[in-house]
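Asker: Next come the chains, spelled out residue by residue.
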Amino acid sequence: MSTTAKKFDEKARGEFARMGTTRVHRGELLRHPVYTRFLHWSVAIFFILSLLTGFAIYSPWLFHWIAPLFGGGPRTRALHPWFALLFEVFFLFQFLNWVAPMAWGEADRRWLRRMGQYVTNEDRIETEDVGFFNGGQKIYFWSIVVSGILFLITGFVLWFDDAVPRWSVAVSYVIHDLAALLMLAGFIIHVYEGTAHQPGTFRSMMDGTVTERWAWTHHPGWYRALTGRNPRDDYEREKRRQEER
Amino acid sequence: MSNPRTFQIQEISAHPGPVPGLGVRREEEVCKYIDVSTCIGCKACEVACVEWNDHPFRETTFNDTYQTMPSTEWNYYNLIKFVEDDRDNNLMWLLRKDQCMHCADPGCLRACPADGAIIKFENGIVDFQQENCIGCGYCISGCPFDIPKFNPQTKKVYKCTLCSDRVGQGLEPACIKACPTGCLKFGTKSDMIQIAGLRAKQLREVSGFANAGVYNPSSIGGTHVIYVLHDIQAPERYGLPANPVIPPSYTYWKWLAKPIGLGMGLLGIAAVFFHRVFYGPKLPQPEPPEIRSGPREEIDAGRKETP
Numbered sequence: 000m001s002t003t004a005k006k007f008d009e010k011a012r013g014e015f016a017r018m019g020t021t022r023v024h025r026g027e028l029l030r031h032p033v034y035t036r037f038l039h040w041s042v043a044i045f046f047i048l049s050l051l052t053g054f055a056i057y058s059p060w061l062f063h064w065i066a067p068l069f070g071g072g073p074r075t076r077a078l079h080p081w082f083a084l085l086f087e088v089f090f091l092f093q094f095l096n097w098v099a100p101m102a103w104g105e106a107d108r109r110w111l112r113r114m115g116q117y118v119t120n121e122d123r124i125e126t127e128d129v130g131f132f133n134g135g136q137k138i139y140f141w142s143i144v145v146s147g148i149l150f151l152i153t154g155f156v157l158w159f160d161d162a163v164p165r166w167s168v169a170v171s172y173v174i175h176d177l178a179a180l181l182m183l184a185g186f187i188i189h190v191y192e193g194t195a196h197q198p199g200t201f202r203s204m205m206d207g208t209v210t211e212r213w214a215w216t217h218h219p220g221w222y223r224a225l226t227g228r229n230p231r232d233d234y235e236r237e238k239r240r241q242e243e244r
Numbered sequence: 000m001s002n003p004r005t006f007q008i009q010e011i012s013a014h015p016g017p018v019p020g021l022g023v024r025r026e027e028e029v030c031k032y033i034d035v036s037t038c039i040g041c042k043a044c045e046v047a048c049v050e051w052n053d054h055p056f057r058e059t060t061f062n063d064t065y066q067t068m069p070s071t072e073w074n075y076y077n078l079i080k081f082v083e084d085d086r087d088n089n090l091m092w093l094l095r096k097d098q099c100m101h102c103a104d105p106g107c108l109r110a111c112p113a114d115g116a117i118i119k120f121e122n123g124i125v126d127f128q129q130e131n132c133i134g135c136g137y138c139i140s141g142c143p144f145d146i147p148k149f150n151p152q153t154k155k156v157y158k159c160t161l162c163s164d165r166v167g168q169g170l171e172p173a174c175i176k177a178c179p180t181g182c183l184k185f186g187t188k189s190d191m192i193q194i195a196g197l198r199a200k201q202l203r204e205v206s207g208f209a210n211a212g213v214y215n216p217s218s219i220g221g222t223h224v225i226y227v228l229h230d231i232q233a234p235e236r237y238g239l240p241a242n243p244v245i246p247p248s249y250t251y252w253k254w255l256a257k258p259i260g261l262g263m264g265l266l267g268i269a270a271v272f273f274h275r276v277f278y279g280p281k282l283p284q285p286e287p288p289e290i291r292s293g294p295r296e297e298i299d300a301g302r303k304e305t306p
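Those protein sequences? They're chains B and R, same order as listed. With numbering that gives the first Met the number 0 as the guide, the letters of the first sequence map in order to residues 0 to 244. With numbering that gives the first Met the number 0 as the guide, the letters of the second sequence map in order to residues 0 to 306.
Hints listed in this document are in silico derivations from the structure and should not be mistaken for laboratory results. Some clues are possibly wrong.
Stretch by stretch, here's where chain R covers chain B in the computed footprint (C-beta under 8 Å, at least three residues) [unchecked claim]:
1. 54-66
2. 93-101
3. 115-124
4. 139-149
5. 156-165
6. 170-182
Quick caveat: nothing in here was measured; it's all calculated off a predicted structure. Just so it is clear, CB atoms sit at the ideal spot from N, CA and C, and this is done for glycine as well.
Next up, chain B with everything else stripped away, as it sits in the complex (with noise of 0.2 Å):
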C-alpha cells in the first residue's frame, strides 16, 4: 500500500475514534475501531440495497414486491447503480483499512488444509498460526475485491448502454450475474458465521469488543499480538479455574 494512502487510513482512524467511542471493559479486547465499524456498517447498507435493487431488475417474480419499495421500476433501475457506486466507495476505503491484515501467507494455507475440521466445529479451539483474520474470512475478502471490480467495469458498461458496442452489454450481462452469485454465496456464509455460527462475533461490529475467551478462541494468534500472554496458557488457566468451581 502507497504510504498516502496508509497515511489517510490512519488520520481516518483517528477522527473516527475521537468522533465516537469504544467502551472496552475487563476481560475484553478492542478488535474494530469506529473507523473500521462505520466502514463495514456503511458497506453493508450499500450492499443489501444494491441487491434489492439488482433482484428486481433480474427476477420478475421479485420485481413486483421489491420494486414499489423503491418507487417503481424506473426509479429501481435509476437507484440500482448509485446504490452499487457507493458500496464501491466505501468497500475501496476498507479495502485501504484491511488490505495489510488481509494478506495471503502460509498460515492461511494451512488453515484452508483443516478447513473441513472447521466447518465440522472439530477444531473447538483455532492453532496458533490465525491472526486478526483467518483464512476464509481473507477468501471472503478478495473474492470481494474480485467481485467488486467485475462489477465495476460490468456496471458501467451495463449503466452506459447507448455508449458502448450492443455486444459488450449481452457479454457485461452475464458477468454481472456471475460476480452477483459469487457475492450472495460469500454474504450468507458471512452473515452466518458472524451471527448464529459463533456466538460473541456479532458485538465486535456493533460495540467494537469481543471477549478474551473469544479472542483466544477464534484468533489465537492476533490474541497473543495484542497482549503479549500466550493465548493456549491463558486457556489453560481459564479451564482449570472453571473446573474447580
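Got chain B sorted already, so can you dock chain R onto it with the hints?
Answerer: What follows is chain R alone, placed relative to chain B:
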C-alpha cells in the same frame, strides 16, 4: 385490441341461405411486404410515419448519402437506407426501408427485465409499452437489427409499432398507405409470403436477378416484415444480417441463471441454517462443562436414568 370476430354475425332472422362469413376464419398473423427492387427512395413512408406518430421533424446529419439520417432514432422509426452498391461495374442503389422487423422470436422481449414493457400480439406485432419501461436498454443489445432507440429525456426506449393502433382498427400501417409504387404491401403473413415468392420468381426469371429471394430469417422464427431482395445470398449488402440471432446471454443464460441464482440463494440459506442445527454454535472456549454429549441413543439413555 378490437377483435372483429366478436361481431361476426351468427344467426340472421328470416334470412334465406347461409350467414355470410360464418365459419370462415381469417389468419391472425399480419405482415409487411417490402419489395426492395421497386422502391424509388421517395421517403413518403418516412414522412407518413413521422406524421402518424406525431413526431417532430428532428435535426439530422449529412453523411455524403441521400439518406435522411445515419440510423433510425427514438422519434424516427422508419428510414430508407441508401446503400451504394456495385453491379457490373455500375452504381446500384440498394434502397432498403429500415424499421422494426417484428420477429416471431423477439430479442428485445427476451432481453427485457421489466414486467409488461414489451408485448407480442397474436398477430405478430411486437410493441413497447413505455409506461412499463424502466430504461435499462437491454432490448437494444438484444435486438439483432439494431432497432430500439433510447430517448435520454424520457429514459424510455421506442421503436416502430407496425402502427398497432391503425392495425387494431383494420387499417394498414401509415407507411403502406403512403407508398406510391406499391413496393410496400400489408396483409396476412401467408398472403405476403406468397406475393413475395411470386415477385422473387419474376425477378429471377424475367429481370435477370438470378439470386432474387425472400428475406424472412428462420433463425428468429421468421419476421412479420419481409423483404424481396435482388440477392438473397448476400443480405449483408443491404445491411441485413444473414443469420440474425439473439445473444445467448438473453436466451440460454437468462433461463439458466435465474433458477441457479434463486436456487443457490435458497440452498445457501438452508445450508447455513441446517449447519447450525446439526453442528451447533462455536462457543468461546472453555465452554461450560458438558453434562451429556454424543449420539442420540446415549442422550436417550441418559434421560432414562434421571428421574
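Asker: Does each hint fit the structure? Answer for all of them.
Answerer: Evaluation of the provided hints:
no. : hint    : in the structure
1   : 54-66   : holds (count 6)
2   : 93-101  : violated (count 0)
3   : 115-124 : holds (count 5)
4   : 139-149 : violated (count 0)
5   : 156-165 : holds (count 4)
6   : 170-182 : holds (count 6)
Comparing the model with each earlier hint shows violations of hints 2, 4; every other hint is respected.
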